[in-house]
Amino acid sequence: MKKLRRIFSLSNDEAKTLTERTISQEVWQRYKKSRTGMVALVIVLLLLFIAISTYVVDIVTNNAFYDNNVINIDLINKLKPPSWQHIAGNDEYGRDILLRVIWGTRLSLFLGVLAVVIALIIGGTLGAISGFYGKQVDSVIMRLMDILMGVPTIILAIAIVASLGVSIMNLVIAVAVSAVPGQARVMRAAVMSIRDKEFIEAARASGASDLRLIFKYILPNCLSPVIVNTTLGVAASILNVTSLSFIGLGVQAPNAEWGSMLSAARSYIRVSGHITLGPGLAIFLTIMSINLMGDALRDALDPRLKR
Amino acid sequence: MTHASNDNTTLKINIMNDHNQEILKIKNLFVHYETEYGTVEALNDVSLSIFKGKTLGIVGETGAGKTTLAKSILRIIKSPPGRIVSGSILFEGTEILTMSDKELRALRGSQISMIFQDPMTSLNPVMTVGDQIAEVIYTHEKISKKDAFKKALDMLNMVGIRPERGKDYPHQFSGGMKQRVIIAIALANSSKILIADEPTSALDVTIQAQVLSMIVDLKDKIKTSMILITHDLGVVAQTCDYVAIIYAGRIVEYGTVYNIFKDPKHPYTKGLIGSIPSLVYDVERLQSIKGLMPDPTKLPKGCSFCPRCDMAFDECQTILPDLYNIDDEVHSARCLLFSPERIENDRRRNE
Amino acid sequence: MFRYFVKRILLMIPVLCGVILLVFLIMELSPVDPAEVMLGDGATPESIAKLRTEFGLDDPLLVRYGRYLLGLIQGDLGTSYKSKLNVAEEVIGRLPTTFLLAVGAMLWAMVIGIPLGIISARNQNKLIDNISMVIALIGNAMPAFWMGLLLVMLFSLNLRWLPSSGINTTDGIVPFLKSIILPTFTLGLVAMCSITRAMRSSMLDVINQDYIDTARSKGITEWWVTMRHMFKNAMVVFLTFAGLQFGRLLGGAVMVEFIFAWPGLGRLMVDSISSRDIPLVVGSVVVLSICFSLVNLLVDFLYAYVDPAIKTQYLSEGKRKRKISNEETQANLLSVK
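Residue numbers (this note's numbering), protein chains in the order written: chain A, 1 to 307; chain B, 1 to 351; chain C, 1 to 337.
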């Protein structure tokens with residue numbers, strides 16, 4: 001920018017407008033305009049921070065804090081309503097609900113994210129191959145995706161956990177597998193829309209190999225719809241993880257996880273309804289923020305679609 | 001900035017053509033759009049008359065306000081953000097701008113019809129063309145839908161489409177044929193006024209001539225008055241009786257086709273006519289009018305054409321001209337060069 | 001039209017076979033031996049082996065799959081390990097209850113969602129629009145199981161207006177209706193929010209189209225413009241979306257059935273998972289998937305009926321559409337003169 005100023009004797013402002021901004025900076029500028037998007041981003045970052053800090057606390061206190069406050073049993077405080085000491089109240093074992101919700105962030109959030117990342121890697125690759133090569137490869141892969149999608153998402157996840165057994169790893173596998181076709185479809189559509197554009201033909205004509213075409217030309221241009229879809233996919237994933245835990249097929253007690261907390265709370269709603277609020281609110285807030293973030297991202301990445 | 005309405009023009013026209021009935025009279029119309037970038041002054045102090053059985057051509061660049069004018073007559077401007085600020089539009093003596101919804105609906109499609117610019121998007125994709133024509137018929141006439149459909153098929157025939165195609169959907173027709181369907185819709189009830197907003201601009205050049213001549217023939221047959229909006233001066237010369245040149249939301253010149261083409265007075269009109277390539281003379285460069293139309297949210301004080309005008313002088317920047325009558329003919333121009341004072345001064349100077 | 005239907009059905013069948021195979025494969029991956037589960041703790045290796053041969057569990061996968069398919073065509077889905085009951089009977093028996101739940105939810109979603117979407121679109125950015133969009137956002141993010149709990153706490157425990165579980169088919173119409181309100185609403189909530197947003201979005205796409213101007217210039221009433229011109233066009237895009245929603249509802253039904261102790265197929269599935277009753281699990285998943293595919297098929301047909309491009313393509317079966325030649329056009333125009 002200083003160069004521009006010197007060469008063309010421009011003022012500071014004029015130089016600024018002429019300076020090229022990278023795409024990420026442009027997107028960030030547009031994203032900042034959405035107030036809900038910024039609030040959502042703050043909340044999501046906060047959640048991430050909370051999740052990470054639980055790990056830190058565990059390491060620092062050598063799990064002591066966790067043992068004493070998150071998974072302990074303190075029947076004196078059983079089912080107590082919110083108080084100054086325990087802001088969200090106490091659950092059926094007397095544990096502090098707020099602390100359990102905070103520790104639950106680890107599992108509910110990260111497991112959801114992990115599942116989507118796996119789905120993106122597998123599904124995205126399949127979708128890209130399918131979109132790029134087309135014809136028979138596309139037919140075969142899409143048939144497979146159709147078959148996977150022939151079972152409603154949650155039911156597929158339930159069936160997988162039912163078969164493989166209840167464990168955290170199986171939970172992630174199940175949710176990931178059920179998310180694969182969604183990711184594959186979006187990637188395929190994005191690749192197909194770029195594949196036929198002329199600059200790809202031009203690159204091909206100058207001798208670029210398939211691999212180079214895919215990674216250097218096509219994929220970078222597919223990012224927008226994929227990013228948006230993945231973000232929204234995280235929300236869906238988290239919902240699936242908590243749902244499965246709720247039915248008892250996910251995270252087990254005494255691990256702190258929002259879905260299983262709600263499941264346990266269910267038996268006590270007649271006497272102490274307040275114990276449903278903590279975990280429920282956490283799930284709601286997380287999903288809401290991620291959805292809002294996804295919407296704001298969509299507007300920021302492609303302003304032409306803005307209504 | 002002076003703003004006076006000039007009734008002189010209308011008066012002169014009435015005297016000249018008192019056998020012509022005035023069927024639509026637009027007076028001092030102001031239409032603005034409130035957008036996030038400011039208030040777009042789309043139409044400013046527009047006054048026009050349309051005479052029975054005659055065609056008025058409205059010529060202007062894109063963005064001059066032509067479509068806004070057309071839509072204002074039928075009051076189908078999108079209401080936020082558009083707003084008819086003030087003025088009057090009299091149809092056969094009745095004020096359109098104060099009509100109730102019911103009266104307005106009785107007017108649309110039956111007394112005054114409109115043909116839109118882009119035939120590709122002006123037809124409902126999920127209704128058959130026959131139904132779309134029939135719709136305008138049974139809305140205004142007390143007949144059964146079946147009979148209306150039969151009449152619709154007659155209309156299709158009249159515009160040169162086989163009646164069997166009445167049950168087909170718009171996407172099955174080409175652009176030119178779609179436009180003919182739209183014309184059929186517009187003329188189904190033998191409206192008194194037909195507003196044609198650039199009816200051939202979106203069509204192939206080869207089809208343009210056909211569609212245009214069809215419009216003119218049908219118009220003569222049904223004895224409709226027409227407002228033809230276009231940017232094509234050739235079309236105007238062929239089909240119009242009167243011409244109004246519109247620039248930045250104002251009428252800058254008005255007159256009979258003969259007067260305008262023979263002796264254009266306003267510098268803008270001169271520029272437009274001058275930029276038509278000649279069939280007779282060879283030229284090295286096409287003549288063009290330098291500059292761009294002003295930003296409608298920031299119209300200049302004084303004459304809006306001033307920044308681009310070769311003949312501008314000091315007063316042009318501060319005084320907004322009225323439409324001054326030229327030589328007592330049906331011809332007026334919004335230019336200070338023709339203001340009575342200036343003509344007086346010139347006359348005195350020559351003496 | 002008929003050819004279109006047949007084509008779509010034929011396409012559906014291999015996918016369904018694939019789905020059933022998929023379910024088989026998933027069950028195949030289980031580390032647990034169903035024979036062991038059936039016999040319980042005191043099983044000897046010999047008795048396990050015997051049971052396995054009896055049930056044909058040692059046969060290769062494809063053989064078992066083929067057997068299952070054959071049985072499926074004849075309406076036989078096997079026998080439950082635990083209860084020794086006919087799987088097909090149990091599953092089909094529970095299907096209507098789940099369907100009732102799904103249809104009820106869809107009704108909530110459409111009856112509230114569609115009009116709300118239309119009104120929001122026509123009043124874009126005004127108060128009603130902003131309110132409904134906020135509600136849609138909130139409803140979308142609410143997990144069904146939490147919503148269900150909250151509603152039960154409010155309406156069953158606190159206000160005592162509605163029952164908290166089960167379906168009441170014995171006490172008459174009003175108790176029946178009361179027992180279905182909460183479950184159907186809970187399930188329908190997410191769909192309701194998605195439908196509102198989708199309807200609004202398709203309407204907005206349509207509202208600014210040129211043919212709406214054409215429609216208005218004909219002098220028809222605003223109501224007519226909204227319904228006949230805007231709505232009809234918005235529906236075309238909207239239908240596919242609505243169909244997808246119904247599919248998701250079938251999945252969500254599992255959760256809602258769990259919360260409200262609703263005696264449907266989803267509940268059966270979850271229960272049989274805990275009792276490791278493989279045939280029942282497989283049977284439930286297969287039947288649910290078949291329903292899902294059938295619903296999608298139905299949506300495709302509806303779509304063909306509504307979208308003129310598809311309608312015309314298949315209506316003129318065999319007949320090639322004649323394009324009017326230039327000469328004909330000219331001849332027609334001359335006749336006008």
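Just so you know, the hints here were simulated from the structure itself, not pulled from any lab data. Virtual Cβ for every residue (Gly too), placed ideally from N, Cα, C. Among the clues, some could well be false.
To be verified - Here are the computed distance ranges between Cβ atoms for each label pair:
no., chain 1, residue 1, chain 2, residue 2, range
1, A, 32, B, 298, 27 to 37 Å
2, A, 220, B, 222, 51 to 61 Å
3, A, 197, B, 147, 25 to 35 Å
4, C, 125, B, 88, 48 to 58 Å
5, C, 28, A, 60, 40 to 50 Å
6, B, 275, A, 197, 30 to 40 Å
7, A, 50, C, 159, 52 to 62 Å
8, B, 217, C, 232, 29 to 39 Å
9, B, 298, A, 220, 38 to 48 Å
For this session: For residue 217 (chain B) and residue 232 (chain C), compare the CB-CB distance with the range 29 to 39 Å and indicate the outcome.
Result: holds, 34 Å
Exercise. Within 40 to 50 Å or not, the Cβ separation of residue 28 (chain C) and residue 60 (chain A)?
Worked result: holds, 45 Å
Problem set entry | Range hint compliance [Cβ, residue 275 (chain B) to residue 197 (chain A), 30 to 40 Å] | holds, 37 Å
Problem set entry | Pairwise beta carbon distance, residue 125 (chain C) to residue 88 (chain B), judged against the given window 48 to 58 Å | Violated - the Cβ-Cβ distance for residue 125 (chain C) and residue 88 (chain B), about 31 Å, lies outside 48 to 58 Å.
Exercise. So does residue 220 (chain A) sit 51 to 61 Å from residue 222 (chain B), Cβ to Cβ?
Worked result: holds, 60 Å
For this session: Could you check the hint for me, namely that residue 32 (chain A) and residue 298 (chain B) are 27 to 37 Å apart, CB to CB?
Result: Once the Cβ atoms are compared, 29 Å apart, the range 27 to 37 Å for residue 298 (chain B) and residue 32 (chain A) holds.
Exercise. Cβ-Cβ distance between residue 197 (chain A) and residue 147 (chain B): within 25 to 35 Å?
Worked result: violated, 52 Å
Exercise. Is it true that the C-beta distance of residue 298 (chain B) to residue 220 (chain A) lies inside 38 to 48 Å, as the hint says?
Worked result: Holds, since residue 298 (chain B) and residue 220 (chain A) (Cβ atoms, about 41 Å apart) stay within the stated range.
Exercise. Lying within 52 to 62 Å: is that true of the beta-carbon distance residue 50 (chain A) to residue 159 (chain C)?
Worked result: violated, 36 Å
Of the numbered hints listed earlier, those contradicted by the structure are 3, 4 and 7.
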